[in-house]
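Chains A and B supply the protein sequences, listed in that same order.
So for the first sequence, my numbering puts the first residue at 1; every next one is plus one.
So for the second sequence, my numbering puts the first residue at 318; every next one is plus one.
Hints listed in this document are in silico derivations from the structure and should not be mistaken for laboratory results.
One thing to keep in mind: the hints can contain errors.
[Stated by the list, open to error] Residues from chain A shown here face chain B by an in silico Cβ test under 7 Å; the list is partial:
#	residue
1	Glu69
2	Val147
3	Val151
4	Leu155
5	Ala173
6	Ala175
7	Glu180
8	Thr182
We put the beta carbon where it would ideally sit given N, CA and C, even for glycine.
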Amino acid sequence: MGMLDAADAAIRSLINPYYYGILVTIGINIVLALSLNLVTGFTGQLHLGHAAFMAIGAYTAGVLATRTEAGFWVAVASAAAAATLFGIIVGLPTLRLRGDYLAIATLGFGEIVRIALLNLDITGGPFGLRGIPRETNLPLVILVVAVTYLVLASLVHSRIGRALIAIREDEVAAAAMGIETTRMKVTAFTVAAAFAGIAGALFAFWFRYLNPSSFGFAVSIEMLAMVVLGGLGNLLGAVLGAAIMTMLPEALRTAAPAVAEHRMVLYGALLVVVMILRPNGLLGTSSEHGWLEVWLRRYRAAGRPANGPRGERHGAA
Amino acid sequence: MALLEVRGLTMQFGGLRAVDDVDFHLDEGEIVSLIGPNGAGKTTVFNVLTGMYRATAGTVTFCGRPIDGLRAHEITALGLARTFQNIRLFGEMTVGDNVVVGAHTRLKSGLLASILKGPATRREERAARERAAELLEFVGLKGMERARARNLPYGAQRRLEIARALAAEPKLLLLDEPAAGMNASETEELLALIRRLKERNITVLLIEHDMRLVMGISERIVVLDHGRKIAEGTPDEVRRHEAVIAAYLGASARAGH
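With the hints as constraints, model all of the structure from the sequences given.
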């Protein structure tokens, strides 16, 4: 911690607190986008509830920090563990589902978590959780971003990572090659949940106040937009997407407050433009197929009798 | 002892009996073809053997061990690999990665080893790459490792599917219409490739419509029609078999005229 504190003092002497805060937020969002990319970009599973894992991490850390003597690192580790546990519990049943069904199930999970946080006593309900100490600083966030990036980069270039990409490309063929598809998908989902939990803990120790509305459906969609904008299945793309999507509203707020008020409209327009000009995201793969087309192809394939054993079974039954 | 023993295999989809009480076996080192008109149930047999469907009735024994009811990845691990009638490569992955994925069950590194990449994992990875290169050379795709699978020409994609299946180190290889869409010279190369599999001690069960290929390579032929086995024997026996001529060869001969 000593070295991090020294680095923090150096950084604070160089940049003003406003930019410092934006950089911390960018870092937290990078961790979220990177981890979501493992599930959605590399494994090809549309996950619409990533904010829920962030919430579980944030509240675990927040409750421990305010109600127990647990230190920062214990709180962060507990946040990761809690998110991991929920990742397994949610992943096991839902990842047997395909396509639209998985999206709906993860969306439902996200809402369940938000509503639970809203109604529990220990989380402070709608009033939120106050009094969390500020322990997150920029060097720490940079360290977590670096570790997340290195772990995920190593993972996607490994036996497990290849299996995940194979599942995205053709789940039937992946199973025929000896890949336990459900187990692999749960693995990706759980690793992503763990990192989202850590990001949540950093969030809690930075903003010092937690409210269930910070982790709603729109937040999950915003994370997805970061990944899609940067490029599905591209780690640097997730970094870029997170940075742009964090800075944009800030830039608008100062440059054009009137536009900032309706920034969700602008996001929508921006995403449409990017999808038209660069269908694979800013740093997407060189393939001429866009993510939308790939997904549509998968969905159509899932329902078409002639395109595979599962389809045949479905069609004939 | 037979390498594969199929008894009373039945697969029912609702009111349709796609495979009906089929018996056949494969001895080690044999090349056997499964033929029959479209919709005869050939691919359904493959899907049952590889664990993608669960048979309605019947037993499948592989290497003396019942495998019906096992899941696809468990069957692959036991040494049974397949290719697909409609090519199912991992299109966005490289040719080399496609083959290495085929070796998934032969590699060990789990989640932590995959992230930390210690010496053992790196050694395993290097060996898998070398073996993939060797298999690519075997199927005639030497030096193509870095190409994207979906950019390969059609015939090469079919051969890549074979290399990927071989990476699983199968004792029995199921080839589902490997010559479909190939021209005469490509089919000739494929014939030579299947013959060389025999040298590697791999037993082959082949679904194929190209009769020249089937008659030229098979030691035995099993004929299905409407889900039932109507004949079995050497190419000569099958060629002369009345029911086969009526159900299949005759029909296609008439269609050809």
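These are the hints, each one checked on the structure:
1. Glu69: Given a least distance of 31 Å, the restraint on Glu69(A) is violated.
2. Val147: At 11 Å from the nearest chain B Cβ, Val147(A) fails the 7 Å test, so the hint is violated.
3. Val151: Holds - the Cβ of Val151(A) comes within 7 Å of chain B, reaching about 5 Å at its closest.
4. Leu155: holds (5 Å)
5. Ala173: holds (4 Å)
6. Ala175: holds (4 Å)
7. Glu180: holds (5 Å)
8. Thr182: Violated - the Cβ of Thr182(A) stays beyond 7 Å from chain B, reaching only about 10 Å at its closest.
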